[in-house]
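Asks: The residues making up each chain are set out below.
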Amino acid sequence: MELSMGHISSRSERLFRFVGRINIYRSNQEPIARSLGPENLLLKGSTLKNTKKIYGVAVYTGMETKMALNYQGKSQKRSAVEKSINAFLVVYLCILLSKATVCTTMKYVWQSNPFNDEPWYNEKTKKEKEAFKVLRMFTDFLSFMVLFNFIIPVSMYVTVEMQKFLGSFFISWDKEMYDEEIKEGALVNTSDLNEELGQVEYVFTDKTGTLTENSMEFIECCIDGHKYKESISEVDGPLKYYGKAEKCREELFLRALCLCHTVQIKEGDQVDGLIGHLEHRSTYISSSPDEIALVKGAKKYGFSFLGLENDYMKVKNQNNETERYQLLHILNFDPVRRRMSVIVRTITGKLLLFCKGADSSIFPKVQQDEIQQTKAHVDRNAMDGYRTLCVAFKELSQEEYDQIDKQICEAKMALQDREEKMAKVFEDIEANMHLIGATAVEDKLQEQAAETIEALHAAGMKVWVLTGDKMETAKSTCYACRLFQTNTELLELTTKTVGHSERKEDRLHELLMEYHKRLLQDFPKNRGGHKRSWMLNHEYGLIIDGSTLSLILNPSQDSSSSNYKTIFLQICLKCTAVLCCRMAPLQKAQIVRMVKSTKGSPITLSIGDGANDVSMILEAHVGIGIKGKEGRQASRNSDYAVPKFKHLRKLLLAHGHLYYVRIAHLVQYFFYKNLCFILPQFLYQFFCGFSQQPLYDAAYLTMYNICFTSLPILAYSLLEQHINIETLTSDPQLYMKISDNAMLQWKPFLYWTFLGAFEGLVFFFGVYYLFQNSSLEDNGKVFGNWTFGTIVFTILVFTVTLKLALDTRFWTWMNHFVIWGSLAFYVFFSFFWGGIIWPFLKQQRMYFVFAHMVTSLSTWLAIILLIFISLFPEILLIVFKNVRRKAQEHPLSSCSLKLPAITAFLGVNKSNIQIENQREVGAEGTSRGHPSSPASCLRQHHPYPNYPIHATNQKCPL
Amino acid sequence: LLSAGIALPLFFALGLAGLAVGLGLHFSSGTIRELELDYTGAPRSNHDCARCTNASATSGPCLCTLRFELAEPFPGPVCLYYQLSNYYQNHRRYGVSRDDLQLSGDPWGLRVANSLFNDTFTLHRLVNGSFMPVPLDSRGISWWTDSNVKFRNPELVNGSLATAFWGTAKPPNWPCAAYLLDAGNPNNTGFVNEDFIVWMRTAALPTFRKLYRRVHQGNFSAGLPHGTYRLDINYSYPVLPFKGTKKVILSTVSWMGGKNPFLGIAYLVFGSACILTGFVMLAVHIKYQQQNQMDED
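Quick note, the sequences are listed as chains X and G, same order. Residue numbering for the first sequence follows the numbering used here, beginning at 10 and increasing consecutively. Residue numbering for the second sequence follows the numbering used here, beginning at 6 and increasing consecutively.
One or more hints might be untrue.
[To be verified] In silico lysine to aspartate or glutamate, EDC-like type, Cα no more than 20 Å apart, as pairs: (1) K264/G / D787/X; (2) K175/G / E132/X; (3) K433/X / E419/X; (4) K248/G / D126/X; (5) K248/G / D787/X.
These are computed hints drawn from the structure, not numbers from a lab.
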């Protein structure tokens, strides 16, 4: 046996491409050559189905497997939060460097007085005296760096990683994202991008299987222009005919449906030979749900496919007779040709080719006079949102077939350019056919698809639908799922508007200019400052198809059209919704890349379910796979996989929002707590002769970030829900509050930094002034420098922990446990650390320091006061924010209800009961006579009262 | 969490509590009597100790005296501190040189110990024209855990501490060897000498005071009555070379320790700030409510 392969392609979108040939040698016989394609390749991680064993050859192993090669692209996704962290880190590095520089400089200024440099009680060692001054300065600088290095929150990276890893479980544990049908919940493939889910600006979604169920139902068909539709009411009988085609044409059409597919039959647990029971025991399986729908559809009209046996396809006809057809060739479906064919031989020896495919790919291949009647049906069905396929056939003579057979075998054996050769051969074969009819299959919208899209819109995201379907089908789906509203003004850039003619580039140019002008008028420049202001304006939708897109992206030599791309992009970015139809998988990725690289590099999200969405899933910042019916390629290549499209709403609005807020708070808090940790140590240098004397004991220095203050923030960053999940999911506008990385901009960073600096100053100078008289015990004994440091440290630990407690809105027992536990542990540790003479320590400087500290009442009072002063600005800010928000949101705020005592005392007369009533009325949304009453305000707050129930396939209003 | 309904009473309660504690602290601090006596003897000052400024431990002590009046009585117990300024006991090079394992029993060589403060003081009160000595208690001036656990003398050799210290060098700046620090009292000599232990607890800031003695015995158990006193100083610790000063401080103590005006003032300021904020918030609150009332009408 000999195996030869084409070159391995490591490009990720080539996951499902494989070219090979196998030669089988037997003794005394000519070697047999067989071609190998992707259908012969089992990817790593595959499981066998419907068979007990197979024989195989390992072709790639280890890191060379296609899966391994495809995994590499993923690790490169970095979140915006990480970029912010790096920026902040640079600032803190600068602070560190400047602190060390200031101290080193000050040290040598201070030491220029000899009585400071070397007083008699503190002489230098011989080594110190002999060292070069420059060298000494350098070592001093390094010593200061070591002393202050704790300002760089190294432990933050560990905590962030833990937070991301543990936090991602919450997505996979979410019961609301569990799907009963497939018995699976959400899947998290990467935990690096949790917070990115809260920053999405563009959503690119596939249509089939993502917005729709991808569970196809045969609706109607037309044979020679006559419509055949199953009626819903039983009175009319099972089938309703609108005029009839000739009987033979009918049968030909149904046979074509039964033969032209790749459906297999999966039998039940027990296989018995009784054909009559087949329907009850077997199910059709296929990679394409459309085919199943068609085979099932044919069955309703009396022709059922019974399976493939020894290269013979068995079909039971209307008279319950079994017909057998020898299957000679399958010309597989591919997205470029957009059609598939089979070649069969009937019992009588006739050779027939059946072909089905998209109308656009069939019509050019059939007799032109046959098209007209069918086209009308196809177009109407497409308008109704059905997926349409056309069926054609042709008869082949034996000679023709022999030639075809030879061509196909040659092309299949080719190791180089096999795909091109095959495509060429198929193209030649599928010509001069006769059109028989067309089918219409309905793909139902997924539940809550419309609500989800509306919520995403309200959350400030722009939703783009990228689909391979034809424009009419896609457009009606877009209306059905409310991507386009009835008042949305549609701008079309399709073959229909641009045309096929030679002048299409000029026409495109005109259209682009016209749309651009129109949009600019609607969005004057001075409003450009507000990034999401389009929400308030007239809404525009854009429709573009694949061929026009390639015209824009890859213009011909004409240089004047090179700026199409920028104009096109400007138009796109101003539209609320964009529909791209007739897209090839690579074009989907191209669009995502184009948007990703625009100014401000917006965060993009791609969601899809099929193999054709993999490229855009990999391209976007966040890739989401739907665990759909078209296999697992999408969910395997995604960052997150969910069972249904509707889960996107909770994933983004609740999980994404929370993850972002949590991690942003975590990052800011880490910088803050290290700043107010190290600032006192820096200030202390001014009072110890810049001698690198640490303020805190070494144990405190090391354990501060590891033990005393790490767990509360970790628990916070895992559990915090500053707004509860229900509110987050039901009020999409909250999502906009955190858009553009709002919590990690310079303004909040400065606030935290100032807060840290203020607290550091309070800690140090509070204790400094307390120590103006260091006899703080009631027996007149005095405290030394280690007590000084311990007091500062105690205030520090309590303040930063209580600050977190103030920030915590969602208390679980775990928060209580870690917050109060950390403080208790600190106290316990301090007693323990100071309670024992440690034999391995050279200096027992902490011996009973903490115990003595707590016997001093003055110290207690100082600690309490300084904690309060440190937290005072924070409390003040929270309170004023609350008051202001209440005043803005509910003018008749509940303050008056909560503070009856004070208001009554001050004589502020309020009719509370009346207010209460009004608020209730407002909440029900039925306020009638109070135009400026709180009801109007409350309504703003609930922009989604009750959606009217829409039919799943709403008729296109155009 | 912190809605106006909780925050307003919180601010008022905090403010009142702050004011109450502040007043208490301020009052307590005010009742504490404190007298500072500078005896640095800077050149060109006509202080008696000015003639002693060249003295050092090795050159032998120099005696100087200081007379002072107590206008009002100091209720006991009265603490006698010495205070040094511009003295960096918290300098890293100074602190790093200590080795507490040695101090719990092994011989040594240290900067901190070497620079042990060795001025000594005696206090006399003028009674009927003659100066009567005031008994000064040197016991219990250090932390109990320090003098009983942390600092230990080496094992006695043949019942003699001197032999145990044999072979160790006397710190160059000391007038006598360690075992002679309080030679008469075996519980207060060598490493367990309380003056030594107090010195070894290095101060936090360059200006610091350390407890020297307490007055609570004999005729003075109720404190120091008003009158004239004389302080005899055995001056042997040079501070002028590093531009430092030396002071003796007589101070009474209360539950909050020595005189400390900072705490009381800080509490008063904090309490007032809270109440002020409370009023501002109340004003804002009422303003909103009035606005709402107008909207309603």
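Asks: Report the numbers of all earlier hints that the structure fails to satisfy, in ascending order.
Replies: 5
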